[in-house]
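If you're matching them up, the sequences are chains B and U in order. Under our numbering, the first sequence has 111 at position 111, and the numbering climbs by one with no breaks. Under our numbering, the second sequence has 143 at position 143, and the numbering climbs by one with no breaks.
FYI, nobody ran anything at the bench for these hints, they're computed from the structure. Heads up, a few of these hints could be off.
As a list, the in silico SDA-like pairs of lysine to any residue whose alpha-carbon atoms are at most 25 Å apart [stated by the list, open to error]:
1. K204(U) - K242(B)
2. K165(B) - D305(U)
3. K263(U) - E140(B)
4. K242(B) - P365(U)
5. K242(B) - E410(U)
6. K242(B) - P367(U)
7. K238(U) - P37(U)
8. K263(U) - K242(B)
9. K238(U) - L198(U)
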Amino acid sequence: MGSASSRPDGPAQLEKLRAKIRDLMPAAALTAAPGTDGVQAASAPLEETGSQLHLGAGLHEFCPQDYLDTPAALAVQSGFMAQALRRAHSPAPLLWVRARNDSQDFGQPYPLGLKQWGLPPERIIFAETETLADALWAMEDGLRAGAWVMGEAGTSSRYDLTATKRLHMAAQARGGLVLVLRHHAMIGASAALTRWRLSARPSPAQDWRGATGLPGLGSPRFRAHLERVRGGPPRQFDIEWKHAAFHVLEPAPLADRPAWPHPRSKPARQRA
Amino acid sequence: MADAKALEPLMQTAPARPDADKRLLQAYARACGRWSPYVAPDPGAPGEDGILLDITGCARLFGGEDKLIEATLQASRERGLTAYAATAPSIGLAWGLARFKARQSETGWVRADTLETALTDLPVEGLRIGETAGQLRRFGLKQAGDLLALPRASLTRRFGTDLLTRLDQAAGRVEESLNPLQPVMEYRARLRFPEPLLLLDSLKQCVDETARGLCGQLEPRGLGLRRVELNLYRIDGKLILLGIGTAAPARDPAHIARLLHEKLDRAEIDIGFGIDVVELRARETAPLGGRQAGLLHTGEPDPDDLDQLTDRLVVRLGDEQVRRAGRRESHIPERAAGWRPGPALAGTALSVRETDQAPADFTPPDPDRPLLILAHPEPAQAVAEIPDGPPRSFIWRRVRHLVHRAEGPERLAPEWWRDQLSARTRDYFRVETREGRRFWLYREGLFGLETRTPNWFVHGAS
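Could you build the full structure based on these sequences and the hints that come with them?
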């Protein structure tokens with residue numbers, strides 16, 4: 001009965017709510033896509049220029065395929081962050097947040113190694129928290145202050161839809177990037193723009209710089225399963241970290257082939 | 001003791017605990033900070049402990065010297081202490097009056113308005129001269145006035161220079177200063193309430209208010225806060241002390257207040273019966289000039305925002321948990337670079353601020369370094385084709401990895417000027433497994449020279 005009587009001012013109420021939402025939403029998200037419901041991202045979640053990949057502002061997640069792939073996933077996460085920082089010419093500092101006791105099995109980030117991946121160690125604020133709740137707070141606070149954030153979700157269930165939405169909106173409001181490393185076995189709802197499931201792939205052999213009896217290491221390669229892209233279909237491809245950027249590799253039979261043409265007699269013969 | 005018990009069977013005894021007495025005296029002296037910023041504990045013989053307060057300029061705030069003394073004595077008695085007090089123009093005189101004159105007065109306190117008359121009547125024991133007082137009494141010198149009448153030269157000859165020094169100190173002829181318990185801070189803001197505060201919210205309001213006051217004092221002088229101390233005086237004479245630091249000089253009251261609020265929330269303080277004095281003191285200040293705001297809005301993060309972010313992180317997560325990258329001149333990987341808390345933060349401002357420190361160079365040495373490094377290298381069982389060669393396979397954490405690519409060795413010798421003789425040379429290899437996973441391993445010890453059975457360790461990944 002009560003609902004029936006309040007129905008006449010329904011539209012007015014709706015308009016009021018819309019105005020409220022408009023106040024809450026970051027300006028960029030609203031101006032970007034008129035005509036849609038106003039929640040669409042300002043930039044594409046994932047841009048491809050040539051064979052290069054770039055992440056759009058907001059939250060992105062990186063998930064190892066397997067427990068042992070955790071360092072590989074972290075490498076991809078670092079690579080993408082370095083690439084984005086360089087591309088944006090952003091002097092933003094980097095806030096690196098880790099919750100203690102969560103997926104630190106492979107050790108701590110090593111400043112010299114980070115530098116090699118193109119992340120400037122002198123701009124990193126490294127924060128270690130007791131709980132994931134603190135970590136989420138630190139990440140969000142960092143984003144609001146204009147820092148870009150590298151985070152870890154760990155195994156806690158607190159990293160849920162609400163938490164990810166908050167992170168995503170905080171990042172978008174200032175055009176920042178928050179990349180989160182997720183645990184390989186934890187899959188829950190998330191508001192991330194993209195989610196990558198990553199495993200290491202053998203790098204091309206470098207015969208000229210190996211150790212005794214073994215070829216050297218080429219540029220790192222990863223099998224990337226793009227499990228989730230907002231507004232796009234999931235995909236799977238191999239990526240390579242080369243010249244300080246991620247490149248999509250062509251499917252194996254097309255790359256790595258001999259310089260002379262393949263004898264393609266089989267299909268032709270069938271047609272005849 | 002037995003005789004005493006025989007005389008008075010109800011007598012209770014307890015062992016003396018000088019350490020506990022000392023602690024109590026310290027704590028109470030701290031709490032006396034509510035009367036005056038200059039407070040010093042003055043430990044004496046058992047049962048003779050004292051606290052010195054410099055009340056110059058303070059009395060007015062409490063309605064005159066008499067009221068101030070009454071209030072201090074009242075507070076002491078409420079804590080169950082027997083206390084006597086005296087005010088005097090010199091420390092020596094006050095010491096003597098409080099111990100030897102105040103006891104006889106009805107109110108438990110005396111006040112020396114003029115130095116001469118008070119000093120003349122002071123018993124010689126009140127001169128802080130210990131056993132010399134007994135000797136003086138044997139000569140019939142019972143009061144300080146008797147001494148003043150004698151020629152100084154003869155006094156020195158008989159009783160040493162100490163007597164004259166003490167006499168002069170009491171007479172105010174030789175300067176004596178008290179050594180305050182807490183460093184005296186030039187800038188402070190305090191609020192006093194007739195009724196104690198009981199709610200955390202009202203405390204926070206006081207913090208806002210005092211932060212505004214303190215920042216207002218600093219602004220005309222071009223100073224910013226580096227360390228701030230919040231003193232909460234509990235009504236039952238306890239002092240709660242909270243401190244915060246900032247990454248860069250700060251003068252924004254809202255920021256300071258926010259940090260303190262966070263600290264108040266985290267510290268889980270025991271308000272007890274309430275807090276009646278809230279004091280905010282600038283423990284450390286640094287010059288903070290005006291800053292030129294950018295003409296163009298470039299969307300770059302404001303350095304103030306970032307410093308404030310660091311402060312918030314430090315207050316919430318703790319000093320040790322917020323770190324910056326540090327670099328040391330060393331070849332040993334775990335020593336060469338790492339994350340350093342605290343002091344590293346202070347020197348290296350985040351972005352455009354100028355620092356006198358040269359920025360650390362994080363360019364890695366020529367061979368690659370891994371992304372992740374283990375705090376302690378972990379042993380692995382490795383199989384190598386030749387003793388000096390890279391591993392062909394290794395077992396680490398019960399998982400077997402087949403090595404398909406490898407680079408190395410990179411030979412790192414121990415730093416002989418630092419390590420013990422047992423430290424051994426490490427040969428580092430960067431390897432990639434069949435699956436493409438990358439590890440950083442080393443073989444410890446030069447084969448044939450330092451060891452016969454080389455040990456392998458995993459030190460990093462990817």
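Any hints from earlier that this structure breaks? Give me their numbers in increasing order, please. Hints 1, 8 contradicted; others consistent.
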